[in-house]
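Visitor: Sequences listed follow chains A and B, in order. Counting from 1, position 198 in the first sequence corresponds to residue 198 in full-length UniProt numbering; the numbering is continuous, with no gaps. Counting from 1, position 108 in the second sequence corresponds to residue 108 in full-length UniProt numbering; the numbering is continuous, with no gaps.
Just so you know, these hints were derived from the structure itself, not from any lab. Among the hints, a few may not be true.
[As the list claims (entries may be wrong)] Beyond 10 Å from chain A on every Cβ pair, some chain B residues (computed):
hint, residue
1, R48
2, F60
3, Q136
4, V158
5, F170
6, P295
7, L301
8, L390
9, P394
[Stated by the list, open to error] With the C-beta cut set under 7 Å, the calculated list includes, among others, these residues of chain B facing chain A:
hint, residue
10, F147
11, C155
12, R167
13, A174
14, F332
15, L398
For clarity, every value in this text was computed on a predicted model and none was experimentally measured. From the three backbone atoms N, C-alpha and C, an ideal C-beta is built for every residue, glycine too.
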Amino acid sequence: MHINQPRGIYNSAEETRSLLCLLSLALFVLQESESENKLDGETASDSESKSEFGGSSPVPTSDDTPEVLNRALSNLSSRWKNWWVRGILTLAMITFFFIIIYLGPMVLMTIVMCVQIKCFHEIITIGYNVYHSYDLPWFRTLSWYFLLCVNYFFYGETVTDYFFTLVQREEPLRILSKYHRFISFALYLTGFCMFVLSLVKKHYRLQFYMFGWTHVTLLIVVTQSHLIIHNLFEGMIWFIVPISCVICNDIMAYMFGFFFGRTPLIKLSPKKTWEGFIGGFFSTVLFGLLLSYVMSGYRCFTCPVEFNNDTNSFTVDCEPSELFQLQEYNIPVVLQSVVGWKTVRMYPFQIHSIALSTFASLIGPFGGFFASGFKRAFKIKDFANTIPGHGGIMDRFDCQYLMATFVNVYIASFIRGPNPSKLIQQFLTLRPDQQLHIFNTLKAHLVDRGILESLEDA
Amino acid sequence: ESDTELGILDLRSDSDIPDIPPPTDSTPEILKKALSGLSARWKNWWIRGILSLAMISGFFLIIYLGSFMLMLLVLSIQVKCYHEIITIGYRVYHSYDLPWFRSLSWYFLLCVNYFFYGETVADYFATFVQRREQLQFLIRYHRFISFALYLAGFCMFVLSLVKKHYRLQFYMFAWTHVTLLITVTQSHLVIQNLFEGMIWFLVPISSVICNDITAYIFGFFFGRTPLIKLSPKKTWEGFIGGFFSTVVFGFIFSYFLAQHQYFVCPVEYNSETNRFVTECEPSELFQMKKYSVPPLLQAVLGWETVNMYPFQMHSFALSTFASLIGPFGGFFASGFKRAFKIKDFADTIPGHGGIMDRFDCQYLMATFVHVYITSFIRGPNPSKLLKQLLILQPEQQLSVYKTLKSHLVEKGILQPSLRG
Numbered sequence: 001m002h003i004n005q006p007r008g009i010y011n012s013a014e015e016t017r018s019l020l021c022l023l024s025l026a027l028f029v030l031q032e033s034e035s036e037n038k039l040d041g042e043t044a045s046d047s048e049s050k051s052e053f054g055g056s057s058p059v060p061t062s063d064d065t066p067e068v069l070n071r072a073l074s075n076l077s078s079r080w081k082n083w084w085v086r087g088i089l090t091l092a093m094i095t096f097f098f099i100i101i102y103l104g105p106m107v108l109m110t111i112v113m114c115v116q117i118k119c120f121h122e123i124i125t126i127g128y129n130v131y132h133s134y135d136l137p138w139f140r141t142l143s144w145y146f147l148l149c150v151n152y153f154f155y156g157e158t159v160t161d162y163f164f165t166l167v168q169r170e171e172p173l174r175i176l177s178k179y180h181r182f183i184s185f186a187l188y189l190t191g192f193c194m195f196v197l198s199l200v201k202k203h204y205r206l207q208f209y210m211f212g213w214t215h216v217t218l219l220i221v222v223t224q225s226h227l228i229i230h231n232l233f234e235g236m237i238w239f240i241v242p243i244s245c246v247i248c249n250d251i252m253a254y255m256f257g258f259f260f261g262r263t264p265l266i267k268l269s270p271k272k273t274w275e276g277f278i279g280g281f282f283s284t285v286l287f288g289l290l291l292s293y294v295m296s297g298y299r300c301f302t303c304p305v306e307f308n309n310d311t312n313s314f315t316v317d318c319e320p321s322e323l324f325q326l327q328e329y330n331i332p333v334v335l336q337s338v339v340g341w342k343t344v345r346m347y348p349f350q351i352h353s354i355a356l357s358t359f360a361s362l363i364g365p366f367g368g369f370f371a372s373g374f375k376r377a378f379k380i381k382d383f384a385n386t387i388p389g390h391g392g393i394m395d396r397f398d399c400q401y402l403m404a405t406f407v408n409v410y411i412a413s414f415i416r417g418p419n420p421s422k423l424i425q426q427f428l429t430l431r432p433d434q435q436l437h438i439f440n441t442l443k444a445h446l447v448d449r450g451i452l453e454s455l456e457d458a
Numbered sequence: 001e002s003d004t005e006l007g008i009l010d011l012r013s014d015s016d017i018p019d020i021p022p023p024t025d026s027t028p029e030i031l032k033k034a035l036s037g038l039s040a041r042w043k044n045w046w047i048r049g050i051l052s053l054a055m056i057s058g059f060f061l062i063i064y065l066g067s068f069m070l071m072l073l074v075l076s077i078q079v080k081c082y083h084e085i086i087t088i089g090y091r092v093y094h095s096y097d098l099p100w101f102r103s104l105s106w107y108f109l110l111c112v113n114y115f116f117y118g119e120t121v122a123d124y125f126a127t128f129v130q131r132r133e134q135l136q137f138l139i140r141y142h143r144f145i146s147f148a149l150y151l152a153g154f155c156m157f158v159l160s161l162v163k164k165h166y167r168l169q170f171y172m173f174a175w176t177h178v179t180l181l182i183t184v185t186q187s188h189l190v191i192q193n194l195f196e197g198m199i200w201f202l203v204p205i206s207s208v209i210c211n212d213i214t215a216y217i218f219g220f221f222f223g224r225t226p227l228i229k230l231s232p233k234k235t236w237e238g239f240i241g242g243f244f245s246t247v248v249f250g251f252i253f254s255y256f257l258a259q260h261q262y263f264v265c266p267v268e269y270n271s272e273t274n275r276f277v278t279e280c281e282p283s284e285l286f287q288m289k290k291y292s293v294p295p296l297l298q299a300v301l302g303w304e305t306v307n308m309y310p311f312q313m314h315s316f317a318l319s320t321f322a323s324l325i326g327p328f329g330g331f332f333a334s335g336f337k338r339a340f341k342i343k344d345f346a347d348t349i350p351g352h353g354g355i356m357d358r359f360d361c362q363y364l365m366a367t368f369v370h371v372y373i374t375s376f377i378r379g380p381n382p383s384k385l386l387k388q389l390l391i392l393q394p395e396q397q398l399s400v401y402k403t404l405k406s407h408l409v410e411k412g413i414l415q416p417s418l419r420g
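Just chain A, with the same shape it has in the complex (with noise of 0.2 Å):
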């Protein structure tokens, strides 16, 4: 079967390929760790609960899993009922991912706001439940507001790197690129004038609280969620292999601690182990090698993304930047008995790829005891309902917040430099003096280089 492809960019073999591969790793996660979501015997001696809440108990879960599902299971006893239900709607999220990738970048980035949206709305959602709110006088209508102001100010921003020559043809556009701090700035003002009138005389520390609840929601959900969109334009390898990586560091953590586990890690999540952790971080690292070998070969996944003025759709077609050609490397004598090998040929990208992997591994489950002592502090089963016997869209999601700044800034620091077109922009807006310094500055720097024959007129 043929696969047209005005916008779906891979060929059929390969995913096929990695459907067959990906679905024998959907077999395991039927076995994911349920204990975090369940409150232990710990949270009924947590002090604070004594006077506040007040009677409201952790929000219930409702079983909304679909009436379908319902019947085809109902002669399975409940404890394999719930794993085939988590099993089969993890295949389905796993599907769902890849149908989101082959439909190309402009629909991945629309997936990752939409996540972004949904999470901010679990999580102001238990700070009003969490907070009995009172009636407070436009707290959501703020919320909502708040959240299409950031993301206002960060898709701006965003816009006017990658969309440079569309945004310059249409007038509107350009004052709006032009202001757009100004204009940003005046937004979030308003809302905050707003937030002042609205303090009412009984409620001045709810409404406090709430304020502050929102900004620390918004740090959290929007920025990780652009800086995804970051990495994704930087090439959509920078967006799989993360993502990925902090995946199979869940499953194969929990593989290896149903199997070896022993020893607690963390009081924090008591089912954790030590076995589980070392374990899960070579597995990781070994999948993070394999899969930034396989997608390395494909300039779907390595070419930045790229606004095409004349198509205006988005292409990702270039000559693959040195980290995705195949190079020797001589293998350390102490690893050459052990492999047999004295030189391997590899992607400088999969030395990058340990770098990710291991922090995925070490430093990204932090970010899930982040959530498990969020979770226990606001004595909450899961952050929402959405998905059936996951929970909610941050409990899929709690350990990818680290990973996208840490790639962000990985990419930052070590991969790229400054875009050179935004550079030529923001030069346009220098005064002419400031440009011609800038200029003869530059034209020294490069006669120095010896990059520039310094009599030439080029």
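Starting from the known structure of chain A, arrange chain B on it as the hints suggest.
Guide: Same frame as chain A, but now just chain B:
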């Protein structure tokens, strides 16, 4: 105005908040002896007055001493504000000997400051940094190092979670972050404004102070209609009177400052003398121009044209913001103080309260001035742009060079036949 109904909330009921001890009288002994003969009310006024004069003189002294001292001053104020807010949080939450809470808070303050100062230092001290190897390494991987430092703090926080105190610890974590967001970013924006030219630092701050004072005076003499329930002493008469006085003050003050290079020039670091210099050709913002007075005002003023600095137009925008939106920062702080039942943020300044009490209206102002400057006055920072250009790949540099050259030739800024 007590929040007694909050008792039903799942928060600590208000009775749990310890009564803030009555402000200790930290007035120096000298003043007490000098004023011992007056009644308590007048004594309070005199103390406030003397301290105000002391603060204003201190301010002038620092300005005289130059940009570097100003930077230090801003940094000290930032640290003190942070300390005051964290102390309030600590008290409000009876922090049960939370492990590492204070160390972690100070650690995060250090990280965020390191990140921001690293970004600034790299920009303004480019030549200084180029010469030293170690600094170069720190600058090149600055973001990564800052992120690693922050992550270390984050992991320490997760490891420090104690079974019975999860919620409290999360509250404190959030409290720390929001405080950092407010105090540290504002203080760095103030410093960025300062580097643009001392006038961009002095005029906004003085406008806010002037607005405070004149709004109070107008309110005192003419005040009748209350402005907002949050601050019952504020009145519409004070608000409007303060607005007009601040605009006039801004005009006049800018007129005086715009004449001196010391205030008007961007602060630069001279690597030979290892000092800050403020010397330049004043930009056209600070050169007198003739403006025609609109016919409406001609009748009033009797002039047809007037000589003004273009900067005075900008000062109009700055003063307007200081008078109309700045007070919201004050209302926010008042609401905060009521919410947590504190009279003042701290007792640092006798008669005035804490540092935060003096600076509550300034927050929004600093951000506004910074956004204003980047949107309307200057483009991106040239030295930062240059730094980024220099770390591109050689082929990229060459292609950028060619693009720039063709652009400059096109605009006639560069002569096409210029060689070398």
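Visitor: None of the hints should be skipped; say for each whether it holds.
Guide: Cross-check of the supplied hints:
1. R48: Since the minimum Cβ distance to chain A is about 26 Å, R48 of chain B lies beyond 10 Å and the statement holds.
2. F60: Given a closest Cβ separation of 31 Å, the condition holds.
3. Q136: Answer for Q136 of chain B: holds, closest chain A Cβ roughly 14 Å.
4. V158: Its Cβ does come within 10 Å of chain A, the nearest being 5 Å, so this is violated.
5. F170: At about 5 Å from chain A, F170 of chain B fails to clear the 10 Å cut-off, so the statement is violated.
6. P295: 30 Å, holds
7. L301: 32 Å, holds
8. L390: Check fails; 6 Å does not lie beyond 10 Å.
9. P394: 5 Å, violated
10. F147: 5 Å, holds
11. C155: 5 Å, holds
12. R167: OK, holds: R167 of chain B within 7 Å of chain A, min 4 Å.
13. A174: Result: holds, 5 Å to nearest chain A Cβ.
14. F332: Because about 5 Å separates F332 of chain B from the closest Cβ in chain A, which is inside the 7 Å limit, the hint holds.
15. L398: 6 Å, holds
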